[in-house]
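K.L.:
Respectively, the protein sequence lines represent chains A, B, C and D. Heads up, the first sequence is in the working numbering, so the first residue is 80 and it goes up one at a time. Heads up, the second sequence is in the working numbering, so the first residue is 80 and it goes up one at a time. Heads up, the third sequence is in the working numbering, so the first residue is 80 and it goes up one at a time. Heads up, the fourth sequence is in the working numbering, so the first residue is 80 and it goes up one at a time.
There could be a bad hint or two in this list.
Heads up, incomplete: computed chain C residues facing chain A, CB under 7 Å, no partners named [as the list claims (entries may be wrong)]:
id	residue
1	91
2	93
3	112
4	115
5	124
6	150
7	151
8	176
9	180
Some chain D residues well away from chain C (every beta-carbon gap over 10 Å; in silico) [to be verified]:
id	residue
10	95
11	96
12	119
13	149
14	175
15	178
16	183
17	209
Note that these hints are calculated values from the structure, not bench results. For every residue, glycine included, the Cβ atom is placed at its ideal position computed from N, Cα and C.
There are 4 protein chains.
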Amino acid sequence: MSNQFQWPVRVYYEDTDAGGIVYHARYLYFLERARTEWLREAGFNQSLLKQQNTIFVVRDMQIKWQQPATLDELLTVITTVTQVKKASMVMAQTITCGHEQKMQASVTVACVHGDTKKPMAMPDEIIKVITDRDE
Amino acid sequence: MSNQFQWPVRVYYEDTDAGGIVYHARYLYFLERARTEWLREAGFNQSLLKQQNTIFVVRDMQIKWQQPATLDELLTVITTVTQVKKASMVMAQTITCGHEQKMQASVTVACVHGDTKKPMAMPDEIIKVITDRDE
Amino acid sequence: MSNQFQWPVRVYYEDTDAGGIVYHARYLYFLERARTEWLREAGFNQSLLKQQNTIFVVRDMQIKWQQPATLDELLTVITTVTQVKKASMVMAQTITCGHEQKMQASVTVACVHGDTKKPMAMPDEIIKVITDRDE
Amino acid sequence: MSNQFQWPVRVYYEDTDAGGIVYHARYLYFLERARTEWLREAGFNQSLLKQQNTIFVVRDMQIKWQQPATLDELLTVITTVTQVKKASMVMAQTITCGHEQKMQASVTVACVHGDTKKPMAMPDEIIKVITDRDE
Chain A
80 MSNQFQWPVR VYYEDTDAGG IVYHARYLYF LERARTEWLR EAGFNQSLLK QQNTIFVVRD
140 MQIKWQQPAT LDELLTVITT VTQVKKASMV MAQTITCGHE QKMQASVTVA CVHGDTKKPM
200 AMPDEIIKVI TDRDE
Chain B
80 MSNQFQWPVR VYYEDTDAGG IVYHARYLYF LERARTEWLR EAGFNQSLLK QQNTIFVVRD
140 MQIKWQQPAT LDELLTVITT VTQVKKASMV MAQTITCGHE QKMQASVTVA CVHGDTKKPM
200 AMPDEIIKVI TDRDE
Chain C
80 MSNQFQWPVR VYYEDTDAGG IVYHARYLYF LERARTEWLR EAGFNQSLLK QQNTIFVVRD
140 MQIKWQQPAT LDELLTVITT VTQVKKASMV MAQTITCGHE QKMQASVTVA CVHGDTKKPM
200 AMPDEIIKVI TDRDE
Chain D
80 MSNQFQWPVR VYYEDTDAGG IVYHARYLYF LERARTEWLR EAGFNQSLLK QQNTIFVVRD
140 MQIKWQQPAT LDELLTVITT VTQVKKASMV MAQTITCGHE QKMQASVTVA CVHGDTKKPM
200 AMPDEIIKVI TDRDE
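Here chain A stands alone, though its shape is the one from the complex (with noise of 0.2 Å):
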């Protein structure tokens, strides 16, 4: 399994503002739907993990937005992870269209319980998975 994942996402009016392009904070709902996708396929749902408390939350981000995207693209979300420690882990995250990068971002992640929101370790498969996908 690659370390790389690759998520589609469409450019709708929704994401678009008055400047005709897409407003720079929605990149970071594409971002966050490629991480769900990401943990999705490898088989963790985040609506399980939260009913046994445990939440990831964005920790801190480098964000620079290259180009812009306009209404109808479809977009590529590229995510790696480059980093991961007990209770956290980074992403690097580039969004493309074709040959086109229209923005980069580092991503930290950390775990936190649901109810305390206390950073708390990555549950043991996850790390697992992660590990086994960088091999």
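With chain A's structure known, arrange chains B, C and D on it following the hints.
P.N.:
This is chains B, C and D only, laid out in the frame that chain A set:
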């Protein structure tokens, strides 16, 4: 206390789409902000209500979009309760900008239990406040 | 070609609210995605239409929210054109998950000029496609 | 005139997700509202700027989410310009609630031409206002 409640909403880039006007579904956000502030003015805080397992959900709406709203406009949401039942109420809401009416909606809001999402009677104090306003 | 068009929508965290269910106005985004894909399947691309100053706007809606949708559910939006006029059409749209119906809406969509936002006749080719589907 | 600008933001249901807290990308909307109001206070209206083909776009951001914000909280966005160049500026923005800091961001905003989306010099009057504030 008057039965009619007014709440201002500024239009930001986030609210607009590539058509150059406010995205149609965003008006429903504006309506909900106004209903929340109407409840707050009446002394009810939805986060506290939620802790007591009292949640208001929208059951149905009839909406007419009449004139497009645009970036930077300062809108007013006008909210009037038109009917109160045990477990639900109906509100007439309009959005205006100066003398121009942008949209109108009739909104049925129901009270449900936070966990089960089943209908339940509205708290007496809320019914009392609405009834008192009406007089 | 059938008159009924189905489009899948996955529920992500972005669609939910602190009540633990899909935020009521998000369903309108799902409906709009389905209308866009229905047009795309019929051969019409809204970004091209927009360049030709043809924009579709929502004029009115009657909506019933019937059952809450939740995180990770895979919904289906079912769209049927029920009426076609010169400058507008009416669509019946429902959202289901398996055998459960989540919401139903009647949506009037009008064709307007991109700059003036004034009503104008729908392009003949679009009317033709809709009429042909209907038979 | 002070270099630091404060803008209040109330958290509504629309801003929260099923984790019970504000959806991470919604903070970027709050930051953008504050930048818009900062410009407005300085005498610049983005809808007028757009008519003159002057658009501000976000180029990059470094963001740290520090504490979750929750339903009904009244947040304050604090915005400070930290660097001004010919065609872009850098702002430090934090979001607080009382004494608690919820997030911090460094935001590079660039001035682009409305049609071409190519970088262009910021209007002199805007640079002047920022420079005057700074003294």
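K.L.:
The structure should be examined with respect to each hint, and the outcome stated for every one.
P.N.:
Each hint, compared with the structure:
no. : hint : in the structure
1   : 91   : 5 Å, holds
2   : 93   : 5 Å, holds
3   : 112  : 5 Å, holds
4   : 115  : 6 Å, holds
5   : 124  : 6 Å, holds
6   : 150  : 4 Å, holds
7   : 151  : 4 Å, holds
8   : 176  : 13 Å, violated
9   : 180  : 20 Å, violated
10  : 95   : 4 Å, violated
11  : 96   : 5 Å, violated
12  : 119  : 25 Å, holds
13  : 149  : 8 Å, violated
14  : 175  : 21 Å, holds
15  : 178  : 23 Å, holds
16  : 183  : 22 Å, holds
17  : 209  : 34 Å, holds
Of the numbered hints given earlier, the model fails hints 8, 9, 10, 11, 13; all others are met.
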